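Participant: If you're matching them up, the sequences are chains A and B in order.
Per the working numbering, residue 1417 is the first one in the first sequence, and the count goes up by one each step.
Per the working numbering, residue 83 is the first one in the second sequence, and the count goes up by one each step.
Everything labelled a hint here was simulated from the structure, so no lab data went into it.
It cannot be assumed that every hint is accurate.
[What the hints assert, rightly or not] Here are the simulated lysine-lysine pairs, DSSO-like style, with alpha carbons at most 27 Å apart:
1. A:1479 with B:143
2. B:207 with B:245
3. A:1473 with B:143
4. A:1473 with B:207
[Stated by the list, open to error] Residues from chain A that face chain B, not an exhaustive set, calculated with beta carbons under 8 Å:
5. 1427
6. 1473
7. 1486
[Unchecked claim] Residues from chain B that keep clear of chain A, each with C-beta distances beyond 12 Å, as calculated:
8. 87
9. 91
10. 126
11. 174
12. 213
13. 214
14. 215
15. 221
16. 233
Predicted model, so just to flag it, every value in this text is computed and none were measured.
Beta carbons are placed, not taken as given, at the ideal position from N, Cα and C, and that holds for glycine.
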Amino acid sequence: MNTELHDLIPLLALHALESDQVHHVEGYINSNPEARVIHAWYLETVTLLAQTVPVLKPPSSLKVRMLERIRHHHASTRVRRRNTNGRTGESNVGQ
Amino acid sequence: MFNATTDEYLLVDIAQHSEAAFETFYDRHSGAVYALARRILRTQTDSEEVMQDVFIRVWNKAGDYDAARGTVMAWLMTIAHHTAIDVFRRNQNRQTIELDDVALNAASHGSDASEMALDRMMAAKALDMLEESDRVVLEALYFEGLSQSQLAARTGLPLGTLKSRARSALQRLRAQFEELV
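Taking the hints into account, I'd like the entire structure generated from these sequences.
Facilitator: Listed below in structure tokens is the structure:
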């Protein structure tokens, strides 16, 4: 166990580390199952802080814009996929 | 197939690009995400930008959710918190809209399930029950977007002390919460 990095896990969960430290601590967590469990525990705990804020209804126009965005995004993804498949199909025909 | 039972199922369906699942997920959680964004950023414009970024990410990355790494709520609120803090740090020119203005517009979200509402109430109570020194550290780091170094400079606390205070404050918050629920 790397004590120095281990001790920074709560601060990573709080998003309070300097950017140069984040990469090191994340690397440590990804390579250490015990650290992953501890990080998950702190993320759950930090989420309690988010839950202390009273729920606030967003403007309803925002939902409309969101749904439009995902529809647009979904449609563009489908077109891109179709074009990619089309190109793949052409090259297969040529082989 | 669309399944409205749990957040985990909703994410599975969103990963398959089910608009109905996305809409249910949005209705269920947008109030919490928006509230957190407003708490951190204060302005409606910035908060709406965060909302869009967060939910577009949900739409695109729902398949990345890993239950072994925590609950859906923790996953979502981590994305929301990081996005809001990143916008805050980018702007740094915090607007002067007071939180009270936001509170005046606060409304109970229709889709906020009673269990979630109870958790929120208990979380607020658990935070209130902390000693002020713990609460101040957690609020400055989490809501004000200060890094550990910035908070150390503000308070004059050595980094090591700050690090252990943040850790023990989180542990006490969790313990208080678990005692309450």
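Participant: Evaluate each hint against the coordinates.
Facilitator: These are the hints, each one checked on the structure:
1. At most 27 Å may separate the alpha-carbon atoms for a hinted pair to count; residue 1479 of chain A and residue 143 of chain B meet this at roughly 19 Å.
2. Under the criterion of a C-alpha separation no larger than 27 Å, the hint pairing residue 207 of chain B with residue 245 of chain B is consistent with the structure, at around 24 Å.
3. Under the criterion of a C-alpha separation no larger than 27 Å, the hint pairing residue 1473 of chain A with residue 143 of chain B is consistent with the structure, at around 24 Å.
4. Distance check on the hinted pair: residue 1473 of chain A and residue 207 of chain B sit about 22 Å apart at the alpha-carbon level, within 27 Å; holds.
5. At a threshold of 8 Å, the smallest CB-CB gap from residue 1427 of chain A to chain B is about 5 Å, leaving the interface hint in force.
6. Evaluation of the residue 1473 of chain A hint against chain B yields a held restraint, the C-beta minimum of about 5 Å falling below 8 Å.
7. With 8 Å as the threshold, the beta carbon of residue 1486 of chain A comes within range of chain B, its nearest partner Cβ sitting at about 5 Å, so the hint holds.
8. Under the 12 Å C-beta cut-off, the non-interface status given to residue 87 of chain B relative to chain A holds; the minimum distance is some 21 Å.
9. Once the 12 Å rule is applied to beta carbons, residue 91 of chain B is consistent with being away from chain A; the minimum gap is 18 Å.
10. Once the 12 Å rule is applied to beta carbons, residue 126 of chain B is inconsistent with being away from chain A; the minimum gap is 8 Å.
11. Against chain A, the non-interface label of residue 174 of chain B holds: every CB pair exceeds 12 Å, the least being about 15 Å.
12. Look at residue 213 of chain B: its CB is around 16 Å from the nearest CB on chain A, clear of 12 Å, so calling it non-interface holds up.
13. Distance to chain A confirms residue 214 of chain B as a non-interface residue, since its nearest Cβ pair spans about 15 Å, more than 12 Å.
14. Every Cβ of chain A is farther than 12 Å from the Cβ of residue 215 of chain B; the closest lies at roughly 16 Å, confirming the non-interface assignment.
15. With 12 Å as the threshold on Cβ separation, the claim that residue 221 of chain B sits away from chain A is violated: the shortest Cβ distance comes to roughly 8 Å.
16. A beta-carbon of chain A is positioned within 12 Å of the beta-carbon of residue 233 of chain B; the least distance is around 7 Å.
The structure does not agree with the numbered hints 10, 15 and 16 stated previously, though it agrees with the rest.
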